[in-house]
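**Student:** Line order of the protein sequences matches chains A and B. Under this note's numbering, the first residue of the first sequence carries the number 1, and numbering increases by one thereafter. Under this note's numbering, the first residue of the second sequence carries the number 1, and numbering increases by one thereafter.
These are calculated hints, taken from the structure and not from any lab test. This one's a predicted model, so the numbers in the text were calculated from it and none came from an experiment. Built from N, CA and C at the ideal position, the CB exists for glycine as well. Hints may be right or wrong, so weigh each one.
Said to hold, decoys possible - Restricting the straight-line Cα-Cα distance to at most 25 Å, the calculated cross-link-like pairs of lysine-lysine (DSS-like) are:
{"#": "1", "chain 1": "A", "residue 1": "K203", "chain 2": "A", "residue 2": "K375"}
{"#": "2", "chain 1": "A", "residue 1": "K69", "chain 2": "A", "residue 2": "K102"}
{"#": "3", "chain 1": "A", "residue 1": "K102", "chain 2": "B", "residue 2": "K345"}
{"#": "4", "chain 1": "B", "residue 1": "K102", "chain 2": "A", "residue 2": "K576"}
{"#": "5", "chain 1": "B", "residue 1": "K576", "chain 2": "A", "residue 2": "K345"}
{"#": "6", "chain 1": "A", "residue 1": "K203", "chain 2": "A", "residue 2": "K192"}
{"#": "7", "chain 1": "B", "residue 1": "K345", "chain 2": "B", "residue 2": "K375"}
{"#": "8", "chain 1": "A", "residue 1": "K467", "chain 2": "A", "residue 2": "K168"}
As the list claims (entries may be wrong) - If you only want the chain B side, here are some residues facing chain A, beta carbon under 8 Å, derived:
{"#": "9", "residue": "R24"}
{"#": "10", "residue": "I43"}
{"#": "11", "residue": "I231"}
{"#": "12", "residue": "L337"}
{"#": "13", "residue": "R568"}
{"#": "14", "residue": "I569"}
Stated by the list, open to error - The following residues of chain A were derived to be distant from chain B, with all beta-carbon distances above 10 Å:
{"#": "15", "residue": "I226"}
{"#": "16", "residue": "N230"}
{"#": "17", "residue": "H352"}
So you can see what is in the structure, the chains are spelled out below.
Protein chains: 2
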Amino acid sequence: MDGRTVGVLGAGQLGRMFVEAASRLNVKVLLLDSGTVSPAKQINYQPHDPSSSTSISQHVDGSFSDPDKIIELAKRVDVLTVEIEHVDAMQLQRVLDQGLVKAVHPLPSTILVIQDKYEQKIHLQLHNIPVADFLPIDDSLAASVQTAAEHFGYPLMLKSRTQAYDGKGNYVVKSEGDISAAVQALGGGKRKLYAERWAPFVKEVAVMVVRSASGIVRSYPAVETIHKDNICHTVFAPLRHSDANVPEQARAIAEMAVATFGGAGIFGVEMFLMPDGALIINEIAPRPHNSGHYTIEACETSQYENHLRAILDLPLGSTALKVPSAAMLNLLGLADLEKDAEALKKTYLPAHVSLGIPGATTHLYGKAGCRKGRKMGHITIVGQSDAEVAQRLLPLQRSLDFATQAVESNRPLPSDAVARFSLSSTPGPATSKSAADFKHAHPLVGIIMGSDSDLPVMLPAAEILKKFNVPFELTIVSAHRTPDRMREYARSAPARGLRVVIAGAGGAAHLPGMVAAQTALPVIGVPVKGSTLDGVDSLHSIVQMPRGIPVATVAINNSTNAALLAIRILAASDPKYLAAMQQYMDDMENEVLVKVEKLSELGWDYLSRK
Amino acid sequence: MDGRTVGVLGAGQLGRMFVEAASRLNVKVLLLDSGTVSPAKQINYQPHDPSSSTSISQHVDGSFSDPDKIIELAKRVDVLTVEIEHVDAMQLQRVLDQGLVKAVHPLPSTILVIQDKYEQKIHLQLHNIPVADFLPIDDSLAASVQTAAEHFGYPLMLKSRTQAYDGKGNYVVKSEGDISAAVQALGGGKRKLYAERWAPFVKEVAVMVVRSASGIVRSYPAVETIHKDNICHTVFAPLRHSDANVPEQARAIAEMAVATFGGAGIFGVEMFLMPDGALIINEIAPRPHNSGHYTIEACETSQYENHLRAILDLPLGSTALKVPSAAMLNLLGLADLEKDAEALKKTYLPAHVSLGIPGATTHLYGKAGCRKGRKMGHITIVGQSDAEVAQRLLPLQRSLDFATQAVESNRPLPSDAVARFSLSSTPGPATSKSAADFKHAHPLVGIIMGSDSDLPVMLPAAEILKKFNVPFELTIVSAHRTPDRMREYARSAPARGLRVVIAGAGGAAHLPGMVAAQTALPVIGVPVKGSTLDGVDSLHSIVQMPRGIPVATVAINNSTNAALLAIRILAASDPKYLAAMQQYMDDMENEVLVKVEKLSELGWDYLSRK
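This is chain A alone, in the form it adopts within the complex (with noise of 0.2 Å):
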């Protein structure tokens, strides 16, 4: 873009998703690995400079460690950033004060600070930032955990401070007796150890945070992580959770953390909601993330294109996403090539089946050998609502299940492995009024009423969501009987993913405006038609909102029109609701020419002579 070039230790996925960002704005980037076929090295092709005396490429060969090959790299480019924290920090710091590099991002110093975790701690202690309690351990080993045990109670987690990630180096100590096992496991007294208070947490969550060289700070949306064997599985974004402060506080407090430290870059911050909601942080990675990869094709900005920014100190990137909803599901080696001849084809399995997938983008890192374990690839998906993502996530996690299965059994996958994981082959809908009807586990439409006795009125609303296949949940809420609940409703809707709430009431009719005045959704009111009054009551209780707080009203027990409104509203974004609704118009159009054609056909009498 200005001529600037980029210099990257390591040449892995994560370097390879980066110089693909760089690429797109024609920033040249030369990576410091071992081989000429490290994933990043693929896609970025440095031809040979014929005045130089360096081979083919001008990319660096060797280790990452290698601290002349460090200066090797430095001498060649203006910035120089990391795919990976475990480096020569010291070396990076060197070059920098050498001046042969105008500049390191992340910080020499920030990679020291992060790459000890028990460090990284302390950091993050002293600013306030909450982590879980943790205790260093000294030389005296065991004696040292069992006063670590004696603050925090069993089980605790006992951790290598450096070179642990994707759970290795951690180990779970449940009592006195896994003590040895333990010390023994993590290096018998090699590696420097610290031991932190067991976090009995609810859900993983991520934040993505970008921060230029100025300071200025922007997080991505937070994201909830399913972790599988200590690996990142799966990535869901944005996090939903019934406290609307959770996700927001999520990102507060990875924004603060990040602000703590020094130089550019992006970083990722993983924590631990807790059953009270509160949030601790786990671990902050200094670097694009695997729970970020999500941002390739659901952000405005991709966590890589972000990191580019950062350390070039050019403007930072909108962080917002533009779609509604998003899923990553990693690709993980399922069995070393040498055991395993299927091991890649096994692998890949779920690939092949995510071409068939709306909204799904799969990502081959072009590793060369397949081990267990090891991230061969990942797949986002994206959709218009949460539903629709897990609906469209599903058929790729069957055949995950499926391939891993086939591994375990030592079986060949079958030549039509591909073709029975589809979307049409998942299960839709059932037809008999299961639970799943109407406790749907991603509802876009909530349908509510204060009492069962409304059922019968309010019953037709959910048959027309069935219909056009709109997931929804419906419940019973009252204003006058259960306030907190009804408060709790209204304010978590949102958050919890809902559009679109329906509320029917008689009488009084108060619901359908209270729940209007807790939430920023649209709320549709249905007058529920009472033994006296023939409903006015209701529909005058409804409609007649003050100023500020509106309540769509339809007509008196037309609970159907009620539906097909939120249906409408959904079809406001969703061209597939509206493509929808188009149609069943249509359909209300024709049946009523049928009749038109039997009148003419019949007589005006048709009816009677039936």
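Following the hints, position chain B against chain A.
**Tutor:** What follows is chain B alone, placed relative to chain A:
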């Protein structure tokens, strides 16, 4: 993905973006083009294979019209494709016939037909695809053009049959006096020509269509293309038109046209929209196309990935938009580097400005030099509405105009050139009631009423929308006095990009219901109080809609609530409006709390003591 290698004739920007898509799926691509630093080769490092005798790279260095080089490439790959149609199609047929590759897509026969525009038109006409009237020009040249003029009148288009693109090879013959100059300009008899009836189009439309080897065709949304000096300048997706059939018709015609060709791949179909709403095909490109660049950021699968999938006979990806609105701006070289040392800097000005624009993604192609008119890059903008995209595009267009003027006046760019163009420096909504307030070019909400006598009741709705910065339009539509206008308004609403209609009506109050009967969008009804019955007549007329067609009814005369409901409807899908509505509600709460404070301080009679 499955070990197959693709060869591409040409390695420019289209090849570059194709390589990007292929890398993501780990499909190896070898390129045939001159030089080692062409745009596509830069992002695709093919390491030297020590066992072969070829040099540094496995790409082929040479012209894509060199038959020997085509053979050389064919021998190294499984499937051949092109990034440009001006290739040696006969040679492609030969390498296919000789079994040097498993497949060539698009088919050489398709390329042959398409690269001769006259043959292309004959082909389309034979398949009943609408095209402008055309006639061949024989060797008599001027006489033959005169014959064509007798059929078509003046002006007429004189076109070169081959090697014509970006307006090169076209000549507008305005009168008989132009003929000899036109013939001279188009090769003076060395190139074959044909004549076409002048098409006084109102818009240029393009549709990308992907075709699988088995003949499945899938079209992307129709887009509007703006050409300047015959080169694509800006693209807007999706195409908006008051007649919802036009975009669908454009897709249908494009799909029909592409279905007539054998083989697989992506096709760009350029069309003219005529004053009567008819669409005729201008030309077809058998490859990724400038009008489809927006698909990278805006669609579920990009045109490049779908081209790859098609030619490898993998399942086609979804062509749906994943964002509500997008635009693309080409970065064409503003001057030759030899004539203006700042040519590149000036050309890239909008790229630098784009870094400050949310939703903008910049692609720079890494071309070595800068020539006037050369495609150097492009910027795609996505947003939650046409209005948002248009607003984000504005600083880019202005900076482009500024850079163009700097070239024309041969002035250097000022040092603050980038800073001059930002979203915040573009004017917001005018504070006076200017036309821009209620005749927004890209409205999301339409406010209508039966008569200007309803204006006093309906204006608060406009004020609220203005306060929330929601693009809207306000006009008079009467159900009883202008039923045709009402029908037109309702039917065109979704195709014009509207998401909500607010309709105010008094007395019999048919307008909201009759609009709702003719659009699938949500319609909000405001009962306007008349001189009798206190507005209850209007309320009942609006709210008591029959099953099937809902109207969201608000309180009598309460157009404020209608606008707030409209914003809540937008908020259901756009977090920006959700946050604004929550803020509005918080502010209302605070206002009341201030009064609570005041009353408790001043006593219950403070109002009367004022």
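**Student:** Indicate, hint by hint, whether the structure satisfies it.
**Tutor:** Hint by hint, here is what the structure shows:
1. A:K203 x A:K375: holds (23 Å)
2. A:K69 x A:K102: holds (17 Å)
3. A:K102 x B:K345: Given pair A:K102, B:K345 holds - Cα atoms ~22 Å apart, limit 25 Å.
4. B:K102 x A:K576: violated (39 Å)
5. B:K576 x A:K345: Answer violated: B:K576 to A:K345 is near 44 Å, above 25 Å.
6. A:K203 x A:K192: Not OK: A:K203 and A:K192 at ~29 Å, beyond 25 Å, violated.
7. B:K345 x B:K375: At roughly 14 Å apart (the allowed maximum being 25 Å), B:K375 and B:K345 satisfy the hint.
8. A:K467 x A:K168: Distance ~49 Å between A:K467 and A:K168 Cα, so the pair is violated.
9. R24: holds (5 Å)
10. I43: Constraint on B:I43 satisfied, holds at 5 Å.
11. I231: violated (21 Å)
12. L337: violated (14 Å)
13. R568: holds (4 Å)
14. I569: Holds, because the Cβ-Cβ distance from B:I569 to chain A comes to roughly 5 Å (cut-off 8 Å).
15. I226: Nearest chain B Cβ is 23 Å from A:I226, so the label holds.
16. N230: holds (26 Å)
17. H352: violated (8 Å)
Comparing the model with each earlier hint shows violations of hints 4, 5, 6, 8, 11, 12, 17; every other hint is respected.
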